[in-house]
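**Q** Please construct the entire structure, taking both the sequences and the accompanying hints into account.
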Amino acid sequence: MIRLFDSLTLPLLRKLDPEQAHRLAIKGLRSVPMPRAKPDSPKLAARFFGLDFPNPVGIAAGFDKNAEVPDALLRLGFGFVEIGSVTPLPQPGNPRPRLFRLEQDSGIINRFGFNSDGAEVVLGHLIARRERGGIVGVNLGANKNSADRTADYVTLIEAFAQVASYFTVNISSPNTPGLRNLQQASALDDLLARVVEARNSTPAEAGPVPLLLKISPDLTLGELDDVVHIARVRGIDGMIVSNTTLARPASLRERGLALEQGGLSGRPLQRLSTRMVAETYVRVEGAFPLIGVGGIDSGGAALMKIRAGASLIQVYSSLVYKGLGLVEAIKTDLLSTLRRTGRDSLSEIVGADAAMITAEEWPV
Numbered sequence: 016m017i018r019l020f021d022s023l024t025l026p027l028l029r030k031l032d033p034e035q036a037h038r039l040a041i042k043g044l045r046s047v048p049m050p051r052a053k054p055d056s057p058k059l060a061a062r063f064f065g066l067d068f069p070n071p072v073g074i075a076a077g078f079d080k081n082a083e084v085p086d087a088l089l090r091l092g093f094g095f096v097e098i099g100s101v102t103p104l105p106q107p108g109n110p111r112p113r114l115f116r117l118e119q120d121s122g123i124i125n126r127f128g129f130n131s132d133g134a135e136v137v138l139g140h141l142i143a144r145r146e147r148g149g150i151v152g153v154n155l156g157a158n159k160n161s162a163d164r165t166a167d168y169v170t171l172i173e174a175f176a177q178v179a180s181y182f183t184v185n186i187s188s189p190n191t192p193g194l195r196n197l198q199q200a201s202a203l204d205d206l207l208a209r210v211v212e213a214r215n216s217t218p219a220e221a222g223p224v225p226l227l228l229k230i231s232p233d234l235t236l237g238e239l240d241d242v243v244h245i246a247r248v249r250g251i252d253g254m255i256v257s258n259t260t261l262a263r264p265a266s267l268r269e270r271g272l273a274l275e276q277g278g279l280s281g282r283p284l285q286r287l288s289t290r291m292v293a294e295t296y297v298r299v300e301g302a303f304p305l306i307g308v309g310g311i312d313s314g315g316a317a318l319m320k321i322r323a324g325a326s327l328i329q330v331y332s333s334l335v336y337k338g339l340g341l342v343e344a345i346k347t348d349l350l351s352t353l354r355r356t357g358r359d360s361l362s363e364i365v366g367a368d369a370a371m372i373t374a375e376e377w378p379v
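Those letters in the sequence shown? Residues 16 to 379, per my numbering, in order.
Calculated directly from the structure, the hints in this document are not laboratory data.
Keep in mind that this is a model prediction, so the values were computed, not measured.
Be aware that a few hints might be false.
Claimed, not checked - Pair by pair, the computed Cβ-Cβ distance ranges are:
hint: 1; residue 1: Leu19; residue 2: Pro54; range: 18 to 26 Å
hint: 2; residue 1: Asp348; residue 2: Glu376; range: 26 to 34 Å
hint: 3; residue 1: Glu212; residue 2: Gly65; range: 36 to 44 Å
Virtual Cβ for every residue (Gly too), placed ideally from N, Cα, C.
**A** Below, the structure written as structure tokens:
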């Protein structure tokens with residue numbers, strides 16, 4: 016059924032303006048009853064951040080910004096859904112056009128700028144579905160014109176503590192001016208101190224909500240040293256590696272579109288994000304798990320992220336080119352790898368290639 020759905024919808028969506036296609040996809044998931052994916056093999060299940068994941072394949076923030084369709088996505092077989100980024104106050108984001116397909120590269124450039132319906136609307140959606148179960152994380156962003164962006168993250172943690180499976184502090188989007196400055200050591204230490212305190216002091220039914228940090232792939236290794244050190248000292252629960260990149264690889268064929276401002280994702284990000292996963296993994300030294308994201312468009316690419324150090328993975332841009340059937344294809348390939356190698360769990364290969372990857376030349 017999902018393969019049929021993809022075969023009918025992908026050609027149509029690709030003919031539309033990218034942002035119109037995205038809105039149509041959300042509307043379709045809200046209105047078209049999709050069959051429930053087949054049950055996951057227990058071999059794909061794992062427990063991280065105190066949460067039981069039925070499989071390691073999640074959908075990254077940015078697809079369901081306003082928590083309109085998390086249950087439809089879970090029904091389609093995602094192991095977890097991350098909604099957002101959500102900002103305290105509604106904001107329209109950057110002017111259109113702000114989303115571009117690099118067809119020849121299987122890539123995407125976006126400069127949305129945290130367009131959000133705001134915390135009140137998104138919270139209402141999550142309250143309405145809170146009894147349905149499933150892992151739904153909330154990706155937190157700051158308002159563009161906020162006088163105190165750290166206070167925005169604190170406000171959102173206090174607001175969403177009762178409905179979020181986990182929080183992601185997103186300070187790595189390249190599309191809000193100055194946001195990435197919060198990754199600098201002194202600013203990051205203050206930010207994490209305040210959000211951890213807010214998380215710990217905000218009551219939640221199941222205890223403190225796991226707190227993750229999403230980082231940029233454009234950090235220098237020195238900056239990454241600082242980020243990981245502060246994250247470990249402040250006691251966060253995990254990191255997501257990585258957001259989109261401002262870099263433009265020399266291999267891009269869509270040279271005209273590559274000049275558009277914004278963050279690049281999809282296949283062109285695959286090598287850089289994988290390298291950053293490996294670099295982060297060796298620095299974390301097992302203190303907490305990583306979620307790997309960036310250019311995952313096949314079971315092989317997912318396995319590469321896991322062997323680089325990711326315990327869980329997320330997809331998004333690749334769905335534009337591969338469709339929803341990609342989720343089941345990745346899970347099937349991962350399960351086949353376990354069976355072929357006689358392993359019982361993906362945790363047995365997490366980080367297996369990290370040292371080798373960090374010794375390679377830097378991807379350009």
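**Q** Hints the structure violates: just list their numbers, smallest first.
**A** Those not satisfied come down to hint 3.
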